[in-house]
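Just so you know, the protein sequences line up as chains A and B, in that order.
Counting from 1, position 22 in the first sequence corresponds to residue 22 in our numbering; the numbering is continuous, with no gaps.
Counting from 1, position 63 in the second sequence corresponds to residue 63 in our numbering; the numbering is continuous, with no gaps.
None of these hints come from the bench; they were simulated from the model.
Think about it this way: if two alpha-carbon atoms lie no more than 20 angstroms apart in a straight line, the pair counts; the simulated EDC-like pairs of lysine to aspartate or glutamate are:
1) B:Lys200 <-> A:Asp35
2) B:Lys200 <-> A:Glu33
3) B:Lys200 <-> A:Glu31
Label pairs and their in silico Cβ distance ranges:
4) A:Trp108 <-> B:Gly295: 49 to 55 angstroms
5) B:Ala57 <-> A:Arg280: 48 to 54 angstroms
6) B:Leu50 <-> A:Trp127: 44 to 50 angstroms
7) B:Asp180 <-> A:His199: 31 to 37 angstroms
8) A:Trp127 <-> B:Leu56: 44 to 50 angstroms
9) A:Ser74 <-> B:Asp180: 23 to 29 angstroms
10) A:Leu54 <-> B:Ala57: 41 to 47 angstroms
Ideal Cβ placement from N, Cα and C applies to all residues, glycine included.
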Amino acid sequence: MAMFGLFGGRPTASDAAVEAAALRSDRFRQEREGDWTRLETIVAKMESGRIRRLSDADVLALPELYRTVASSLSVARETSLDAATLAYLEGLVQRAWFQVYGPRVTLWGWLRRFFGGEWSRSVRMLWPELGAALALMVAGTVVGWLLVAGDQDWYFSLVPTDFLDVRVPGATRQALRATLFDSSTHDGLSIFATYLFSHNAGIAILCFALGFAFGVPPLLLLVQNTATLGAMLWLFHSKGLTYDFVGWLSIHGTTELFAILIAGAAGLHVGRSMAFPGKRSVIEAAAEAGQRAAVVMAGVVLMLVCAGLLEGLGRQLIQSTPTRYTIGYGMLAFWLVYFFAFRRNPQGSETA
Amino acid sequence: MSVLALPRRSDRRRTLVTPEGIALPITLASRSTRLGALLIDLGIMFLSILIVTLVLAYGGMRLWGDKSGNDGVKEGVQFLIIAWLVLVWLTRYAYFLAFELGPRGATPGKRLTGIRIAARSGGRLTVEMVLARNLLRDIEIFLPLQLVVTAQGIEGTDYGALMAGLWFLLFALFPLFNRDRLRAGDIIAGTWVIEAPRRKLEAVMSISETANHGTSRTTGASYRFGDAELAVYGEFELQTLERVLRENRPEALAAVHEAICRKIGWHPGAGDERAFLEAYYTQLRARLESGMRMGRRKADKHTPGTG
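So that you can see chain A by itself, here it is in the shape it has in the complex:
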């Protein structure tokens, strides 16, 4: 009985595992599947965000393994009819490809690049649209003013009012002045600020997204919003409150109107690229413009957070018109310097 144990009868573990396959293509697979499963393990770890848990050896091996498995796939396509293995390899190469060529930059790294020049550069690249949007906004304000100056009924079409609003034509100077220096609504100020910013961010995103329809809707939105402004400006001017009204508006308005201007320009940019794609196809042009505009829009949302805080907190807490002017135009100067004077090239930028 002891002899039985010595001379075979007890198959070794390696015999069972690497039992030779009859087919040449299956032997090809058996020689390489160690690499395949190693790549699969590494990719699975990266996909579940456990990249820190990978050993240095694994990280270094990834590109090499990816190329090995990719060449396994091209050989297998020519020599093997094993459908399950081919499908496995195709899936594995696709998954590895996404990890090897995935977004290399972390969110933190992207933010640093974004604030360090990418945002301002993208804004500068929109300069023709920025000019057009600015012209439209000025025109909208003038039109709003002239319409109301000609016929006061226009005021009600241009400015959304409710029954309790005292800011209507024919209101007394005192009533109007009170709306500019009203500090009674201190309660819930921060709620108001939060609400405003989410509301405004919605409008700006709308302005951008509608650029998709060849840029016509952003034009209308810009004109409509500034016509409201023009109408109100006329109303306060007619009672000699221009100076105070502009201060009331400027503290947050320089930031907010600038943000809306940029959002409108981003929408126009997408629309213009689709209408006049040049040598590219419409789809390519739209994608290129869309990605540039998306960077700009991420910044616009941040500007609107600032504007919301200035409007909700700053305007209610600061009741002096000169201080309002200082803050408002200080912010405007800050944005202008940041966008147009700050020309550092972003480091590690992927797009040329």
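Keeping the supplied structure of chain A fixed, place chain B upon it in accordance with the hints.
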């Protein structure tokens, strides 16, 4: 699965050429899969907002519910409302963004349905693309939803809801009218949605006793097939047979066994179907693969014989 489904999926097949020059076949996600993924995501968003709302409301009640009127309470409630507003806003704008920027390029809904986003150019997926496609999502879904809700609040504005519905339909039907199933956001961002299969490595087919030597372990019968008997089938039949063997269901094995025996003029016995099929599979594959190496391929049984 993939073999039989191939003709139906063929119009969704695209080829991506990697920088190494390998043609990587990809399959665009079907419209119904994407709708399913979206519904799952919206469900998750709705549920998480609901749960946080209830938790905040309950916490607020427990903390300040019994002593209303003093200033501390007011500030506490204000804080809760702000937290809620910020949360809803973040859910609306950041949910899709955060998940699609992750290493899988997919939201939970997309992960569950086995799809992900990718750059249409075949290059890297960038942060800008993910931003752009999700900014557009806002006018595609959330804005018309908001319009429907507000329009019902105001009397006599039925046409408002109608407009919102039309708007919604315009964008919802967008993927129906282009070949690559792009929604508006995909066009602006330069992305598309593809299937991201996660397959296991299946067992090697030709290592069993029968496959190696053509002899059955149970009956000892020897299965050897001549050229004429192997020449009747092609690659399509081979891969169907592979699937049947991998699935290993007795009734399917028996049916295929009978069909092959009838075709090649053998008399089907019973009880040893698997061994017979393994031997036939291995020998057919050996024949077809050696033909492949010579540059001769036989797609299916209708392809003329290669001698």
